[in-house]
Amino acid sequence: MAGPLNWISQISSITKFGLMSIPQRRGAVASTVIGIAGVVAVLVGVLSIAVGFKQVMTASASPDAAIVLRSGSDSEMVSGLGRAETVLIGDAPGVARDAQGPLSSAELFVMINLPKRTTGTDANVPLRGVDRAALQVRDSVKITSGRMFEWGKNEVIVGVGAAQEFSGLGVDSKVVVGQYEWPVVGTFSAKGGIAESEIWTDAKVLQAAYNRGDSFQSVYTRLNSPASFQQFKDGLTSNPQLNVKVLRQSEYYAEESRVITTLITTLGILIAGLMALGAVFGALNTMYSSVSARTREIATLRALGFGSGAVVVSVLLESLLLALLGGAIGGSLAYFAFNNFHTSTMNFQTFSQVAFAFKVTPELLVQGIIWSVLIGMIGGLFPAIRAARLPIAAALREL
Amino acid sequence: MSETKSGNGTLVGIDGVQKVFQRGSEKIHVLADLNLQVRTGEFLALMGPSGSGKSTLLNLIGGLDRPTRGSVSIAGERIEQLSDRRLAAWRARHVGFVFQLYNLMPTLAADRNVELPLLLTHLSKSERRKHVETALAMVGLSHRAKHHPRTLSGGEQQRVGIARAIVTDPTLLLCDEPTGDLDRKAGDEILTLLEALNREHGKTIIMVTHDPHASARASRTVHLNKGQLSNEPVK
Numbered sequence: 001m002a003g004p005l006n007w008i009s010q011i012s013s014i015t016k017f018g019l020m021s022i023p024q025r026r027g028a029v030a031s032t033v034i035g036i037a038g039v040v041a042v043l044v045g046v047l048s049i050a051v052g053f054k055q056v057m058t059a060s061a062s063p064d065a066a067i068v069l070r071s072g073s074d075s076e077m078v079s080g081l082g083r084a085e086t087v088l089i090g091d092a093p094g095v096a097r098d099a100q101g102p103l104s105s106a107e108l109f110v111m112i113n114l115p116k117r118t119t120g121t122d123a124n125v126p127l128r129g130v131d132r133a134a135l136q137v138r139d140s141v142k143i144t145s146g147r148m149f150e151w152g153k154n155e156v157i158v159g160v161g162a163a164q165e166f167s168g169l170g171v172d173s174k175v176v177v178g179q180y181e182w183p184v185v186g187t188f189s190a191k192g193g194i195a196e197s198e199i200w201t202d203a204k205v206l207q208a209a210y211n212r213g214d215s216f217q218s219v220y221t222r223l224n225s226p227a228s229f230q231q232f233k234d235g236l237t238s239n240p241q242l243n244v245k246v247l248r249q250s251e252y253y254a255e256e257s258r259v260i261t262t263l264i265t266t267l268g269i270l271i272a273g274l275m276a277l278g279a280v281f282g283a284l285n286t287m288y289s290s291v292s293a294r295t296r297e298i299a300t301l302r303a304l305g306f307g308s309g310a311v312v313v314s315v316l317l318e319s320l321l322l323a324l325l326g327g328a329i330g331g332s333l334a335y336f337a338f339n340n341f342h343t344s345t346m347n348f349q350t351f352s353q354v355a356f357a358f359k360v361t362p363e364l365l366v367q368g369i370i371w372s373v374l375i376g377m378i379g380g381l382f383p384a385i386r387a388a389r390l391p392i393a394a395a396l397r398e399l
Numbered sequence: 400m401s402e403t404k405s406g407n408g409t410l411v412g413i414d415g416v417q418k419v420f421q422r423g424s425e426k427i428h429v430l431a432d433l434n435l436q437v438r439t440g441e442f443l444a445l446m447g448p449s450g451s452g453k454s455t456l457l458n459l460i461g462g463l464d465r466p467t468r469g470s471v472s473i474a475g476e477r478i479e480q481l482s483d484r485r486l487a488a489w490r491a492r493h494v495g496f497v498f499q500l501y502n503l504m505p506t507l508a509a510d511r512n513v514e515l516p517l518l519l520t521h522l523s524k525s526e527r528r529k530h531v532e533t534a535l536a537m538v539g540l541s542h543r544a545k546h547h548p549r550t551l552s553g554g555e556q557q558r559v560g561i562a563r564a565i566v567t568d569p570t571l572l573l574c575d576e577p578t579g580d581l582d583r584k585a586g587d588e589i590l591t592l593l594e595a596l597n598r599e600h601g602k603t604i605i606m607v608t609h610d611p612h613a614s615a616r617a618s619r620t621v622h623l624n625k626g627q628l629s630n631e632p633v634k
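Residue numbers (the numbering used here), protein chains in the order written: chain A, 1 to 399; chain B, 400 to 634.
The shape of chain A in the complex, shown without the other chains (with noise of 0.2 Å):
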């Protein structure tokens, strides 16, 4: 009599009894479906934007390249390194070389100001000063129009991201900062890596320009391979004649984006927790409601022989199909509405604009179905019991 089968295809009737009902409460379910799909939609929205964010920033940084600031810096804009130290780092082991020498770039960068395309207001961009290894250094940058600058003069390449986020940055525009006037000969991409934020130039032009004398910021290295990191680290650092942080490229950019990343994590949990709990109370009502307008036929079903853990399952299945309804509109919204939409935030750490684009992710829905399935459980959990609790004899006269 009783077996799983038995029990199953009598959940399959309840449920089915429940989900035929709906036109008869349609109001009330597609509020509750459309509540938990704004949770799902504005949760996962909003942590878009945090990975989004994470991604351009450790997009470009490959295992086997190393960025060496000075010591107790947090990141480029506080650490200066000077020439002799420059060459002492691009000539410790375990540092790629080709033909021309390591494949080391002391780089130094500015903050210039420039209008963004969508407000008009101003906001910070790096300007980059380079060395010739830059391009090996980084092998994810590509130059997608126009051309490379020529060393020794005062143009600029200009980040396709910061070109989408900045006016004026177009090829042959200039750029004009105090009495110097940049003209912009091509555009690079950078595998959506952070560098397409920048601005690139000649580090010596720069120097000249900005009277940083013989000084850099920064040491962008590619080592043998990602393993010679430890040997490149250990070299630097035993080395007396320097005082340099070294890490690896992935872990600097980690670092610069988890601030931002934090906060706009936390925020949208925080969203979207209070959301989801104005959800929860929906269901609970739905399903409340889907419970009495039902009391006679759930007596009736107890009273046929129908068992209560059947109805309990059944209550709360529907009210997880309902949630993941929801959780499914609500992800496809968040996926349509934001995914690759474009923005720039201001990166706390070096104060600069930081193209990137929201991305949802499929790590990013899966976390929304599972806010929707908590949201159903809880909605559902409640009505569920009292479903299994009516008393029959008195429910089946209910009209």
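By construction, these hints were calculated from the structure, which means they are not laboratory data. A virtual CB, placed ideally from N, CA and C, is assigned to each residue, including glycine. The hints are all genuine.
Coverage of chain B stretches by chain A, computed from C-beta distances (three or more under 8 Å per stretch; other residues unrestricted):
hint, region
1, 480 to 487
2, 492 to 498
3, 515 to 526
Mind docking chain B on chain A? Use the hints.
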């Protein structure tokens, strides 16, 4: 007391049953030390004024409620001692309920309503269909199998209710005011159907009613008043 013990052939045995409902701080004694035996194959009418406890007694016999004290034995099984789960399984196997307001699933056609209790059995789909066809034929509604309750008359809905009650071939048929919501003609047809089920198919039927016309069709009538049974109508 109204009953003489019939010994062999007793299907329903109610022994010293008391039922007390708690309403706030007030205790309401609905059934007081009640005894009743129903033999296999009987068609018993349970009469009494409103609030006399007829439906409560029927619910106890059907395992929908438990007595405060006393025992309810059906075919030798003490059903008040069964767990909720086993009681639900017992109801599915042994009892067919016919309700005053039919209690059909509004979203299901007549045949699917009749099939409901069979979902609790191991019958295959085709076996279930055969049982449903037989039950609908017995109540004379084969031609209305695909109709939804709202498109059926009250009398037809009650026939569907009866088909659902007999489709599992239960030991006992419990009818709570089966004609209470019907006009005289439709009510008569339902009573004729119940009579036939009793006489021709040997179904044991217990029917709660307050209508003397209905109780006249039963093979025996007992009267319930203030929680006590008697053979005489309440004055």
